[in-house]
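> The residues making up each chain are set out below.
Number of protein chains: 2
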Amino acid sequence: MLCERLGISRTPLREAIKLLATEGLVRLLPHRGAQVAPLEARRLADTLEVMGAMEALAGELACRQASAAQLAGIRALHDEMLAKYAARDLAGYFRCNQAIHLKIVEAGGNPVLAGIYRQLNANVLRARYMANLSQERWDAAMREHEAIMTALEARDAQRLTRLLREHLALKLAAVLNAVEKAA
Amino acid sequence: MLCERLGISRTPLREAIKLLATEGLVRLLPHRGAQVAPLEARRLADTLEVMGAMEALAGELACRQASAAQLAGIRALHDEMLAKYAARDLAGYFRCNQAIHLKIVEAGGNPVLAGIYRQLNANVLRARYMANLSQERWDAAMREHEAIMTALEARDAQRLTRLLREHLALKLAAVLNAVEKAA
DNA sequence: TTTTTGCATTTTGCATGCAAAAATTAGAGC
DNA sequence: GCTCTAATTTTTGCATGCAAAATGCAAAAA
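These protein sequence lines map, in sequence, to chains F and Y.
Residue 165 in our numbering sits at position 161 of the first sequence, with consecutive numbering throughout.
Residue 169 in our numbering sits at position 165 of the second sequence, with consecutive numbering throughout.
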């Protein structure tokens, strides 16, 4: 059915499904086919936990070795995000937010780290867009980002890692809350 | 050639190579085929850095929630490793060492974390066996493991994460040294 | 009603053919 | 000896056929 729908044959479809499975987006049930990986709160929490540790490490590295240009790029995104926040543009805000976190991770200059982070991020994206966060949470998130930005520009690794960890822990709580409400 | 050698056809061979590529063991060069991923010191260092962060997180989690049985299992492996050390059985020591680190990560109870750790570990295994460590490094590693074991059994998360980080940083130095000598 | 048994279907894994795109090699010309 | 072009080979991606193994279902038996 999928072959027909997508206009391709089984071989490439199977390869694609296998790839999605290694990325954790699809689940392979032995001899029973494949299904979209269910959004399990537990797994989501586990993933965010790991992402928190990765961001913390990346932040530490970024403080040590990010170039001025990289910091400026992150600052630009931050300011753009601020504008989206002021305009109550949630979708735009999410995009900027994602981009900022990704840039911070990249600024760490560790491609292995960045690769894993990206993959994990793909897994929580679905859930993240569900997190139609409250005004209070949004306000708080902006304050957190402000502090993160300041720490990064000051290259204060210790403070930055703490802030990133806290930020992600709060995001985790928000996302879990949203997922459970949806379930 | 590989098809002949392995007695299989192209499709499964190509799937296997692709899988190895996603695991980072093989490198795909666009339109120029595949090759065993070269042992780059830089990439190795990056990987170990990430593994360090993962172990630290896992250790923290393990202190909070590892069962007594899990701790006992790790202790048993630790004692076995001690015996291998006493007997100067390097291969056996490596095996125990690997198993201990894996068990600690598993004791964290975060399957996402454990999965990524395993994958990263597969990437450094080749290099690790090259690290024909010196007697001094071996002695030091044993002392470090002793301290790690103690902190874990005391469920002292802060100390454990620090020790794990240090232990891995030293291992990184040793491995890098070995790789560079080989190159 | 539950269990067993047999059958049809599905899943999996592999083999092979084909065509387009890119790289490599060979050869002609300077 | 070098450069540029053309021919050949590789790589890549896809289509399709086939067979073994596992599953799900339904009829028969307990």
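Certain hints may be false.
A pair holds if it fits inside one copy or across any two, identical chains being indistinguishable in the list.
What the hints assert, rightly or not - Below 25 angstroms or equal to it, Euclidean Cα-Cα: the simulated SDA-like pairs (lysine to any residue) are:
1. Lys185 / Val116
2. Lys22 / Ile12
3. Lys107 / Ala20
4. Lys185 / Glu8
5. Lys22 / Gln123
6. Lys22 / Ala38
No lab work stands behind these hints, which were simulated from the structure alone.
> It remains to establish, for every hint, whether it holds in the given structure.
Now the hints, each set against the structure:
With identical chains, the CA atoms of Lys185 and Val116 are at most 25 angstroms apart between copies only, with a shortest distance of 23 angstroms across copies and 35 angstroms within one. Both within a single protomer and between protomers do Lys22 and Ile12 lie at most 25 angstroms apart by alpha-carbon distance, with minima of 15 angstroms and 20 angstroms respectively. For a Cα distance limit of 25 angstroms, the shortest separation of Lys107 from Ala20 qualifies neither inside one copy, at 28 angstroms, nor across copies, at 33 angstroms. For the homomeric pair Lys185 and Glu8, neither the shortest alpha-carbon distance inside one copy (36 angstroms) nor that between copies (56 angstroms) is at most 25 angstroms.
In this homomeric assembly, Lys22 and Gln123 come within 25 angstroms of each other (Cα to Cα) both inside a single copy, at 15 angstroms, and across copies, at 17 angstroms. For the homomeric pair Lys22 and Ala38, the shortest alpha-carbon distances inside one copy (9 angstroms) and between copies (20 angstroms) are both at most 25 angstroms.
Against the hints set out earlier in the document, violations occur for numbers 3, 4.
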